[in-house]
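The lines below spell out each chain.
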Amino acid sequence: MAEHKWTMIVDLDKCTGCQACVVACHAENNVPIASEAEVVRGRGLHWIRIERYWEGEFPNVKAKFLPVFCQQCGNAPCEPVCPTYASYHSEQENLNIQVYNRCVGTRYCGNNCPYKVRYFNYRAPEFDAPLEQQLNPDVTVRSAGVMEKCTFCIQRIRRAAETANAEGRPIADGEVQPACVQACPSDALIFGDKYDPESRVARMVPHNRQFKLLEHLGTEPAVYYLKGGETHVGD
Amino acid sequence: MLETRTETAPFWESPVPEDEVMAQQVAHYRDEHLLLDPRPPAEINGLMLAAMRRTGPVFWLLVVGLGGMVLALFTTWVIQMVYGIGITGLNRSVMWGPYIVNLVYFIGIGHAGTFISAALRLMRYDFRRPIARAAETVTLFGLAMAALFPLIHVGRIWKIYYMFPIPNQRELWPNFRSALLWDATAITTYMIGSTLFMFVALIPDLAMIRDRTTGLRRKIYGAFALGWRGTEGEWHRLEVVSNILGFVIIPVMFSVHTIVSWDFAMAIQPGWHSTIFGPFFIIGALFSGVAAVILVMVIVRKGMRLGYFLRDEHFSAMGIFLMILAMAWVYFYFAEWITNWYGNLPMEVALQEMLTGPLAPFFYLMLFGNIIVPLGTLWSRRVRTSLPAMFVIALFVQIGMYIERVLIIPGMLSRNELPFNWVNYTPRWPELLITAGTFSFLALLYIIWTRVVPIIPVWEVYEGQALQGRRRVGRAILPTRSDPH
Chain A
1 MAEHKWTMIV DLDKCTGCQA CVVACHAENN VPIASEAEVV RGRGLHWIRI ERYWEGEFPN
61 VKAKFLPVFC QQCGNAPCEP VCPTYASYHS EQENLNIQVY NRCVGTRYCG NNCPYKVRYF
121 NYRAPEFDAP LEQQLNPDVT VRSAGVMEKC TFCIQRIRRA AETANAEGRP IADGEVQPAC
181 VQACPSDALI FGDKYDPESR VARMVPHNRQ FKLLEHLGTE PAVYYLKGGE THVGD
Chain B
1 MLETRTETAP FWESPVPEDE VMAQQVAHYR DEHLLLDPRP PAEINGLMLA AMRRTGPVFW
61 LLVVGLGGMV LALFTTWVIQ MVYGIGITGL NRSVMWGPYI VNLVYFIGIG HAGTFISAAL
121 RLMRYDFRRP IARAAETVTL FGLAMAALFP LIHVGRIWKI YYMFPIPNQR ELWPNFRSAL
181 LWDATAITTY MIGSTLFMFV ALIPDLAMIR DRTTGLRRKI YGAFALGWRG TEGEWHRLEV
241 VSNILGFVII PVMFSVHTIV SWDFAMAIQP GWHSTIFGPF FIIGALFSGV AAVILVMVIV
301 RKGMRLGYFL RDEHFSAMGI FLMILAMAWV YFYFAEWITN WYGNLPMEVA LQEMLTGPLA
361 PFFYLMLFGN IIVPLGTLWS RRVRTSLPAM FVIALFVQIG MYIERVLIIP GMLSRNELPF
421 NWVNYTPRWP ELLITAGTFS FLALLYIIWT RVVPIIPVWE VYEGQALQGR RRVGRAILPT
481 RSDPH
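Going down the list, the protein sequences come from chains A and B.
Residue numbers for the first sequence follow this note's numbering, so the first one is 1 and each next one is one higher.
Residue numbers for the second sequence follow this note's numbering, so the first one is 1 and each next one is one higher.
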């Protein structure tokens with residue numbers, strides 16, 4: 001039995017599509033910045049991305065924003081297909097872990113991920129100056145040829161767990177915040193341990209607006225989305 | 001054993017009847033059927049050895065040209081290792097591309113070799129006799145080429161040993177829940193099995209060459225001939241071993257392409273997750289494989305002047321086989337798509353729009369090459385016995401089957417559950433060069449192989465001829481066949 005069930009809630013009503021989470025994630029997790037040419041080739045690399053869907057015809061256009069990142073599935077399609085156990089399920093954190101050192105780059109996990117949140121390092125990572133000066137020492141910089149994805153900022157979870165353990169207490173709610181949650185100005189992202197009955201996420205679900213992304217596939221994501229209204233663009 | 005047991009004359013010296021009509025009939029049979037046209041084994045051996053020794057300027061030009069392409073293949077591969085998979089056109093939705101297409105394609109063309117030499121052997125179809133080794137060679141080198149592609153495909157080739165079940169101190173064992181491991185296991189088994197099967201059938205021919213060469217060649221062929229002397233007991237054991245290996249390898253053959261299809265069918269990617277994929281891939285593999293063997297037969301017959309062995313009857317039989325497989329392939333393709341079309345699920349509609357939209361030229365070219373060309377022409381014996389026509393038809397089937405895999409792999413991957421991630425795929429020079437280089441590599445190995453071993457199993461031919469005879473019924477001469485088994 002896992003001790004924790006780290007869970008994210010995305011309140012689409014509050015998401016403004018500002019992409020602050022994307023920037024925070026790049027900074028925290030040493031995610032390389034893909035060049036414009038690479039993005040055009042469909043190789044944009046973001047552990048969290050804001051999917052933007054348009055509805056209606058101009059001028060009555062509505063935009064819908066959908067932040068998508070690794071759903072940390074309880075029944076993850078990426079895990080059984082990996083021939084080297086580079087993608088495996090962590091018992092302790094109840095997260096889907098990617099072990100960069102084991103990855104040989106068959107990219108089967110990327111094919112089998114219905115959310116397409118796994119990113120392959122097609123090239124060696126490059127950081128334009130002065131970004132190389134601010135790399136996070138707690139996170140590996142991934143080499144070319146390995147798969148990577150959102151970790152729910154596991155380095156922060158580990159640090160909080162170690163601190164709490166040293167002080168002989170459980171991790172307090174709100175003690176761990178992934179970079180995206182920390183950066184979200186509208187409080188659209190809520191993070192916590194669902195197994196802790198007093199935590200904010202545990203108290204929020206089940207929610208009357210809740211749904212899970214591609215729930216019909218049975219992947220049991222650890223991310224809940226709360227249905228939101230549309231954002232009007234223009235006047 | 002091949003020496004005839006009749007009391008009067010060896011089997012290749014059957015007398016021509018005095019009656020003129022009967023003599024014409026006999027001449028007709030000799031003309032039409034290889035097995036009714038016996039010649040002394042020495043003459044047949046000579047024919048084969050002369051073809052093997054002939055290396056004209058065209059041969060060397062081909063070796064140099066194909067060798068250059070092989071060099072380009074390995075250079076591109078090294079460049080890819082240094083700069084990463086990023087030099088290809090793959091993107092974050094289409095993570096598998098032509099490398100996996102090539103893997104499936106080259107395993108696929110290997111299937112005909114086993115089917116012709118093992119299944120048709122056990123079912124005693126005599127038309128396979130001169131074709132068997134040419135087909136097995138396609139299997140052997142097709143599998144060798146296919147085995148290159150997992151290596152070319154992975155991101156970190158220098159860590160590939162993580163995938164092998166070798167005792168290690170990394171506390172890391174490969175994950176046998178992954179279809180890729182099943183695939184690797186199946187391909188390895190198939191490779192070992194088909195190589196053994198081919199080698200066993202080669203022994204008498206290697207001994208034949210050993211007896212007709214001198215010096216170093218004699219030593220090399222002698223070593224591989226394993227001291228074959230041609231005794232009754234040796235022939236008997238050859239027969240037994242071939243039969244056992246034949247029965248063993250047929251299920252392996254069926255399992256291999258099923259497991260290759262499971263690389264796709266086990267994934268939840270729309271367009272891949274289909275129960276029909278196993279049998280569908282096997283039929284596709286046999287279809288492209290038989291077409292590949294026909295291509296090779298045309299080239300070998302023209303290039304090595306082996307008109308004595310590869311006759312119209314063989315092209316005709318292979319043409320019928322190809323036509324039946326074309327029908328089976330159409331059936332599976334239709335069954336697969338009508339269920340998707342009728343079901344009208346959003347994802348599957350998106351895939352159909354992909355096929356009839358951006359990929360339409362390829363989609364219709366595939367249908368043309370795989371359905372209209374073979375089914376529209378092969379019913380005619382005149383077409384089946386015309387070498388240029390057979391060459392063109394087989395080429396169309398190759399193109400069609402290659403495109404089929406392209407549509408399944410990068411085609412389907414470019415559409416997925418979240419439309420934000422729909423990315424089309426365009427190949428770039430590394431994939432194209434590596435693919436062209438691999439086809440050249442296969443051709444290069446093949447033409448060298450034709451000069452190293454007899455590409456026609458001559459012992460099988462004269463075994464077949466020894467078992468054939470003629471019988472007079474009234475005024476007609478009819479071919480007979482004895483079956484000592």
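Honestly, the hints are just simulated from the structure, not real lab data.
Check before you lean on any hint, since a few could be wrong.
[Said to hold, decoys possible] Okay, the calculated bits of chain B under chain A, using three or more residues with CB under 8 Å as the criterion:
1) 150-156
2) 174-181
3) 265-271
4) 291-302
5) 407-419
[Stated by the list, open to error] So the derived label-pair ranges between C-beta atoms look like this:
6) A:18 x B:339: 41 to 47 Å
7) A:186 x B:343: 36 to 42 Å
8) B:176 x A:140: 24 to 30 Å
[Stated by the list, open to error] Not close to chain B: a few residues of chain A, all C-beta gaps over 12 Å, as computed:
9) 24
10) 42
11) 60
12) 66
13) 102
14) 107
15) 109
16) 110
17) 128
18) 136
Note that CB positions come from ideal geometry on N, CA and C, so glycine has one too.
Now the hints, each set against the structure:
With 5 residues carrying a beta carbon less than 8 Å from a beta carbon of chain A, the stretch 150-156 of chain B meets the three-residue requirement, and the given coverage holds. Check on the stretch 174-181 of chain B: 7 of its residues sit with their Cβ under 8 Å from a Cβ of chain A, so the three-residue criterion for coverage holds. With a threshold of 8 Å between beta carbons, the proposed coverage of the stretch 265-271 of chain B by chain A holds, since 4 of its residues qualify and at least three are required. Counting residues of the stretch 291-302 of chain B whose C-beta sits closer than 8 Å to any C-beta of chain A gives 0, which falls short of three, so the coverage hint is violated.
Evaluation of the coverage hint for the stretch 407-419 of chain B: fulfilled, as 5 residues show C-beta separations to chain A shorter than 8 Å, against a requirement of three. In this structure the hint that residue 18 of chain A and residue 339 of chain B lie 41 to 47 Å apart at CB holds, the actual value being about 44 Å. Range check, residue 186 of chain A to residue 343 of chain B: Cβ separation about 40 Å, and the 36 to 42 Å hint holds. Taking 24 to 30 Å as the suggested C-beta distance range, the pair residue 176 of chain B and residue 140 of chain A conforms, at roughly 27 Å.
Against the 12 Å criterion, residue 24 of chain A stays outside the reach of chain B, whose nearest CB is about 21 Å from its own CB. Look at residue 42 of chain A: its CB is around 3 Å from the nearest CB on chain B, not clear of 12 Å, so calling it non-interface is violated. Listed as a non-interface residue, residue 60 of chain A keeps its Cβ farther than 12 Å from every Cβ of chain B; the least gap is roughly 20 Å. The beta carbon of residue 66 of chain A sits about 8 Å from the closest Cβ of chain B, which is not more than 12 Å, so the claim that it is off the interface is violated.
At the 12 Å boundary, the C-beta of residue 102 of chain A falls inside the reach of chain B, the nearest C-beta of that chain being 6 Å off. For residue 107 of chain A, the shortest C-beta to C-beta distance to chain B comes to about 4 Å, within the 12 Å cut-off, and the non-interface label is violated. With a cut of 12 Å on Cβ distances, residue 109 of chain A falls inside the contact zone with chain B, its closest approach being about 9 Å. Not every beta carbon of chain B lies more than 12 Å from that of residue 110 of chain A, the smallest distance being close to 4 Å; the non-interface claim is violated.
Every C-beta of chain B lies more than 12 Å from that of residue 128 of chain A, the closest at about 17 Å, which supports listing it as non-interface. Taking the minimum C-beta to C-beta distance to chain B, about 23 Å, the non-interface status of residue 136 of chain A holds against the 12 Å cut.
When held up to the earlier numbered hints, the structure conflicts with 4, 10, 12, 13, 14, 15, 16 and fits the remainder.
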